[in-house]
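Construct the entire structure; sequences and hints are all you get.
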Amino acid sequence: MIELIDLHKSFGTQRVLRGVNLTIPDGKITVILGPSGTGKTVLLRHIIRLVLPDRGTIRVDGVEMGKLKSQELNEFRKRFGMLFQQAALFDSLTVEENVAFPLVEHFKERDPVRVAATVRKKLELVGLAEAIHKMPSELSGGMRKRVGLARAIVLEPKIILYDEPTTGLDPITAAAIDNLILSMQKTFSVTSVIISHDVVSAFRVADQVAMLHDGCIVECGAPKDFQRSDHPVVREFLKAAHVVNGEVHR
Amino acid sequence: MERLLRIVVPVTGPVSEWASGYAAGLGSWCAFVGEAIAWTFRRPFRLQIILQQMEFVGVKSTGIVALTAFFTGAVFALQAGNIYALFNVEIMVGATVALSLAREMAPVFAALMVTARACSAMAAELGTMRVTEQIDALTTMAIDPIQYLVVPRLWATTLMLPLLTMVFNVVGCIGGYVVGIYLLGIHDGPYLERLYYYLDGDDIIGGLVKSAFFGFAIAAVSCYQGFWSQGGAAGVGRATTRAVVISAVTVLILDYFLTTWILEFFTS
Numbered sequence: 001m002i003e004l005i006d007l008h009k010s011f012g013t014q015r016v017l018r019g020v021n022l023t024i025p026d027g028k029i030t031v032i033l034g035p036s037g038t039g040k041t042v043l044l045r046h047i048i049r050l051v052l053p054d055r056g057t058i059r060v061d062g063v064e065m066g067k068l069k070s071q072e073l074n075e076f077r078k079r080f081g082m083l084f085q086q087a088a089l090f091d092s093l094t095v096e097e098n099v100a101f102p103l104v105e106h107f108k109e110r111d112p113v114r115v116a117a118t119v120r121k122k123l124e125l126v127g128l129a130e131a132i133h134k135m136p137s138e139l140s141g142g143m144r145k146r147v148g149l150a151r152a153i154v155l156e157p158k159i160i161l162y163d164e165p166t167t168g169l170d171p172i173t174a175a176a177i178d179n180l181i182l183s184m185q186k187t188f189s190v191t192s193v194i195i196s197h198d199v200v201s202a203f204r205v206a207d208q209v210a211m212l213h214d215g216c217i218v219e220c221g222a223p224k225d226f227q228r229s230d231h232p233v234v235r236e237f238l239k240a241a242h243v244v245n246g247e248v249h250r
Numbered sequence: 251m252e253r254l255l256r257i258v259v260p261v262t263g264p265v266s267e268w269a270s271g272y273a274a275g276l277g278s279w280c281a282f283v284g285e286a287i288a289w290t291f292r293r294p295f296r297l298q299i300i301l302q303q304m305e306f307v308g309v310k311s312t313g314i315v316a317l318t319a320f321f322t323g324a325v326f327a328l329q330a331g332n333i334y335a336l337f338n339v340e341i342m343v344g345a346t347v348a349l350s351l352a353r354e355m356a357p358v359f360a361a362l363m364v365t366a367r368a369c370s371a372m373a374a375e376l377g378t379m380r381v382t383e384q385i386d387a388l389t390t391m392a393i394d395p396i397q398y399l400v401v402p403r404l405w406a407t408t409l410m411l412p413l414l415t416m417v418f419n420v421v422g423c424i425g426g427y428v429v430g431i432y433l434l435g436i437h438d439g440p441y442l443e444r445l446y447y448y449l450d451g452d453d454i455i456g457g458l459v460k461s462a463f464f465g466f467a468i469a470a471v472s473c474y475q476g477f478w479s480q481g482g483a484a485g486v487g488r489a490t491t492r493a494v495v496i497s498a499v500t501v502l503i504l505d506y507f508l509t510t511w512i513l514e515f516f517t518s
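The listed protein sequences correspond, in order, to chains F and G.
For the first sequence, counting from 1, position 75 maps to 75 in the working numbering; every step adds exactly one.
For the second sequence, counting from 1, position 106 maps to 356 in the working numbering; every step adds exactly one.
Since the hints were derived computationally from the structure, they do not count as laboratory data.
Fair warning: there could be bad hints in the mix.
[Claimed, not checked] Ranges between beta-carbon positions, derived for each pair:
# : chain 1 : residue 1 : chain 2 : residue 2 : range
1 : F       : Asp54     : G       : Ser270    : 39 to 49 Å
2 : F       : Ala240    : G       : Glu252    : 51 to 61 Å
3 : G       : Tyr506    : F       : Gly19     : 16 to 26 Å
4 : G       : Arg292    : F       : Phe11     : 43 to 53 Å
5 : G       : Val499    : F       : Phe11     : 24 to 34 Å
The beta-carbon is built from N, C-alpha and C at its ideal position, and this holds for glycine as well.
See the structure below:
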């Protein structure tokens, strides 16, 4: 379980998070919605301690992230996989080397044949086995995200963080990514945290939906409850996305 | 008093802001270097990446360093030869060129060439990795980016710059010899005899020690600038420019203080 308790974060004079409280249950998919520029990425980065809060506590499986020392933190981070918005693939490495990177670096697997087999298996899972020898620059946006996902799951993490997984993708590729997220969930029973402003995608995959507005979580619940929310910001957000009862109406 | 403050504050305000920003930057750089030194002694030791970086910084810079060295030695011999001719001491050209190269020109010029060729590339590469979230990706994979990216570059430059300085010394002397003997018509016997007489091993070692410090400093400055760059492609450009300018200035300032120390150390 991930607990975010009273998180505050400012950059200079800009207050981004103003007391975020959120509990993310184990083995479920939690989607954090919110318009662009509301601090969703900052919030996600706090969970893996890429950013330190000014105030507040982040607890993952009962462990307070802020109290971990450098090497303990690195060890703890092996529980996480993260898919970045632009995939963040190493552009000097091939797809195969990118996916193999965490395995090789952590000496999880020393035998090159086994490494290659594991990489192929993960790439097959995301439907990109044929791109194994390509460079990241030769891939489309959707393909890059799928390779990023293969890399994120290669160490078989317990928690996967997704930063805008469907942003900038066409509806078919976005649906394919959603299906991948669902299949990760079913296959590995991971805890998934997705930040997005794609409402349709959120309702397709989420077990829990939260809304970040003005630096706070203003609504959180199961997708059906979320859609019935009376909160004006939630209503406006859903209305702008033309979502009524989980269906898109235009 | 209020009138005085109204005059003084607009002047002191920006100055103190600049000074505190500069002090904060210096503090952050020191912490960065301290962290890199601490990570040097922690496992895993990334020998393969250090060797790759040594090839990039050292082997691939040899050509440009040799070219610069040849013409530096040549032009220095030409200038010295013309002046020494006034006093009939042309045979001192070789010794002058060799001593100047060993003590000053080889370490400084080699450091400036490596700054231009390799350290600018380091800053640009790390900067691009920062703005495309590749450094964050390393962190999320439980790999310390300072250990993985900075430590190999830092030590590779520190180790390779003395070797490049030695190349600069040798090729620079050849450049001086070619101009001195074949262009100015100085007899090679006395030319070389004076060179051997005046050039000591200490002069060469002092220059090599200096170049190791330069290597460490320029790599630390360039990696820091790249590692913490922000603001997309323009930010990477700014970081690269800053890396080159600060490294070059650092070499020249450091040169003065190291020379003071080396002269004291080697003459005592």
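Verification of the supplied hints:
{"no.": "1", "hint": "F:Asp54 with G:Ser270: 39 to 49 Å", "in the structure": "violated, 20 Å"}
{"no.": "2", "hint": "F:Ala240 with G:Glu252: 51 to 61 Å", "in the structure": "holds, 53 Å"}
{"no.": "3", "hint": "G:Tyr506 with F:Gly19: 16 to 26 Å", "in the structure": "violated, 53 Å"}
{"no.": "4", "hint": "G:Arg292 with F:Phe11: 43 to 53 Å", "in the structure": "violated, 31 Å"}
{"no.": "5", "hint": "G:Val499 with F:Phe11: 24 to 34 Å", "in the structure": "holds, 30 Å"}
Hint compliance for this structure: hints 1, 3 and 4 are not met, and every other hint is.
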